[in-house]
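K.L.:
Read off the chains here:
Protein chains: 2
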Amino acid sequence: MIIDCHGHYTTAPGELHVFRDAQLAALRDPHGGVVEAPRISDDQIRDSLEKAQIKLQRERGSDLTIFSPRASAMSHHLGNEAASLQWARVCNDLIYRACQLYPDNFVGVCQLPQSPGVAPGRSAAELERCVRELGFIGCNLNPDPSGGYWTDPPLSDPYWYPIYEKMVELDVPAMIHVSHACNPAFHTTGSHYLNGDTTAFMQFLTSDVFTRFPKLKIIIPHGGGAVPYHWGRFRGLAQALKLPLLKDHLLNNIHFDTCVYHLPGQELLAKVIPVDNILFASEMIGAVPGIDPETGHNFDDTKRYIDQLPLSAADKTRIFEGNAKRVFSRLARHLEKRNSKQAMEKPQ
Amino acid sequence: MIIDCHGHYTTAPGELHVFRDAQLAALRDPHGGVVEAPRISDDQIRDSLEKAQIKLQRERGSDLTIFSPRASAMSHHLGNEAASLQWARVCNDLIYRACQLYPDNFVGVCQLPQSPGVAPGRSAAELERCVRELGFIGCNLNPDPSGGYWTDPPLSDPYWYPIYEKMVELDVPAMIHVSHACNPAFHTTGSHYLNGDTTAFMQFLTSDVFTRFPKLKIIIPHGGGAVPYHWGRFRGLAQALKLPLLKDHLLNNIHFDTCVYHLPGQELLAKVIPVDNILFASEMIGAVPGIDPETGHNFDDTKRYIDQLPLSAADKTRIFEGNAKRVFSRLARHLEKRNSKQAMEKPQ
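Protein chains in written order, with this note's numbering: chain A, 1 to 348; chain B, 1 to 348.
Be aware that a few hints might be false.
Straight line, CA to CA, 27 Å or less: simulated BS3-like cross-link-like pairs of lysine-lysine [said to hold, decoys possible]:
#1 B/242 <-> A/51
#2 B/271 <-> A/271
#3 A/271 <-> B/337
#4 B/303 <-> B/316
#5 A/303 <-> B/316
#6 B/242 <-> A/303
#7 B/215 <-> B/337
#8 A/337 <-> A/316
#9 A/271 <-> A/316
These aren't lab readings, by the way, just hints derived from the structure by calculation.
As the structure is a prediction and not an experimental result, all values here were calculated from the model.
So that you can see chain A by itself, here it is in the shape it has in the complex (with noise of 0.2 Å):
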């Protein structure tokens, strides 16, 4: 089974987008009032998911996509947090939809209600929402709400513990994933994402949250931003700082993904982390989803770079299965769950 654990949903229905525009505009407006959550229809649904993501994992041959909410539009940045948290719960409702059509393709992961300034514990509710009553088993957590001016408390701050508890309690790990940057240093997908993934890292490096929080899972995508890359200069600094070495300091908490578009990069990341911290992942469809013309491929069709590095076929099912479904526990009861009502439904 390849699971593909960094999928978002950016091919949702215009009507998505419309909502939103209308929802920060009636904030703007001082007679603005509730926007209503918008009318997608089932039909809708299936049609920007059978074109799209459904048809890449044929052709790619990926089984199921832990999906999400399009991470750029999250945009904490923007509204407040009540308009974080409608604008949540309908990403998130719509994900769930999504998984419910097609329940063999699709397993959910939310989108959380941050806002800049705001208690990441207040997200807790809406996490569990999604867990405990649509099924999800994971969420997004965003590390700089303010998209680009990192404004709020390093992750390795007491202001985060609360989400931490609530995702321990429920047993699901967090990709630490920014999203859209109105910083103009920042290109989105080109520079904001990176280096969200590298920062991300180093708080968690300089910091005890692992030693507080010994059960909780993060996932840093990307293929880690620029960690891998400068893994020795990671294990130097750490050394410098007199902590435990790397893997036993942050590797048993945290994990990469594939996305990176080349075969080198994709080389380098299994040579220096260990094959249990890998998790297949591709973001498709996102940032690049052009053909490679060194290649003749898709940039991100990583299963390809994967399918040539020098590894066993066992490490391989580890980085596209085995890992995936021991960092998201609750996959496995999900896809039990599944299995049997299916058979359940098959006629006799």
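We have chain A; now place chain B onto it with these hints.
P.N.:
Chain B in isolation, oriented as in the chain A frame:
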């Protein structure tokens, strides 16, 4: 000849820091006057270098270090424009003295007197002084004088053109190098430096700076931050933006140094970036001076990694020497002048 294009005077005598503290204290004091430049003797300079950078040059087998003031201490976010100017002049004058005392070991690159919100063109005079009067061959340009809040316009903005014009006029390159991070989200050497590199690259990628300034020469340090590891991502983003191939769009102007502190990272760098765009560097004595327990050698002894790369001797010579002489075009003239002076001084 082995030229290390990235070394900072991190071992400068304590008087320098006493001066800086006094300078900043005077600024905060309504009755504070002008603090005099520190008095540092030639012997103090000799002592601070001979047991440190010069000892390591000898041990590791490098000949000449392109030497600049400590990057993290530039701290452009502190004080104001006048304080930054005095601080830059003091630091640059000290580099000049080190280069005069050890002309075989060092050649100077200057710190610019930047300040948040102050037009970079106002640094042109200090750059000109350092190049024309002190014989320096380049500068360090800070893309984020705010120290981690990224409040100045991106490097693509006309805001920066006047300093580019001066660089082209003087025929000197800039190393894009952030300084100390005062934003608690960032660890200076662990995330801010690498983020600065990635951010600058993407700012240039989405700009027409090199069409406007075809002779502008840029070095992105720390192996280019996250860029080579994500080379496929950047190629794909450029393609999606309908830009030329990166080799044509950026690699006539942008170069990367080799401050990557483990062999797999160096292998990746040499695999994806053309040899002509790689300049040898170690940043010693810098952020990661310790001994790697996996190799028994210093993390930042980067020559060892390059010695192990599967490149031809000619390619290695380009990385160690040829590219630095081409990018720092004033270096060749400097070496000629120095050598003929030394020949004349030699007893007949």
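K.L.:
Hey, residue 242 of chain B versus residue 51 of chain A, does the alpha-carbon distance stay inside 27 Å?
P.N.:
holds (24 Å)
K.L.:
Within 27 Å, alpha carbon to alpha carbon, are residue 242 of chain B and residue 303 of chain A?
P.N.:
holds (26 Å)
K.L.:
Given the proposed pairing of residue 303 of chain B with residue 316 of chain B, does the C-alpha separation stay at or below 27 Å?
P.N.:
holds (10 Å)
K.L.:
Given the hinted pair residue 303 of chain A and residue 316 of chain B, is their Cα-Cα distance within 27 Å?
P.N.:
Cα-Cα ~34 Å, so violated.
K.L.:
Holds or violated: are the alpha carbons of residue 271 of chain A and residue 337 of chain B at most 27 Å from each other?
P.N.:
violated (46 Å)
K.L.:
Against the 27 Å threshold, does the CA-CA distance of residue 271 of chain B and residue 271 of chain A hold or violate the hint?
P.N.:
Within the cut-off at roughly 15 Å; holds.
K.L.:
Given the hinted pair residue 337 of chain A and residue 316 of chain A, is their alpha-carbon gap at most 27 Å?
P.N.:
Status holds; Cα separation ~26 Å.
K.L.:
Keeping to a limit of 27 Å between CA atoms, is the pair of residue 271 of chain A and residue 316 of chain A held or broken?
P.N.:
holds (13 Å)
K.L.:
Would you check the hint for residue 215 of chain B and residue 337 of chain B, treating anything up to 27 Å between C-alpha atoms as holding?
P.N.:
Between residue 215 of chain B and residue 337 of chain B the Cα gap is close to 24 Å, so the pair holds against 27 Å.
Checked against the numbered hints above, the structure breaks hints 3, 5 and satisfies the rest.
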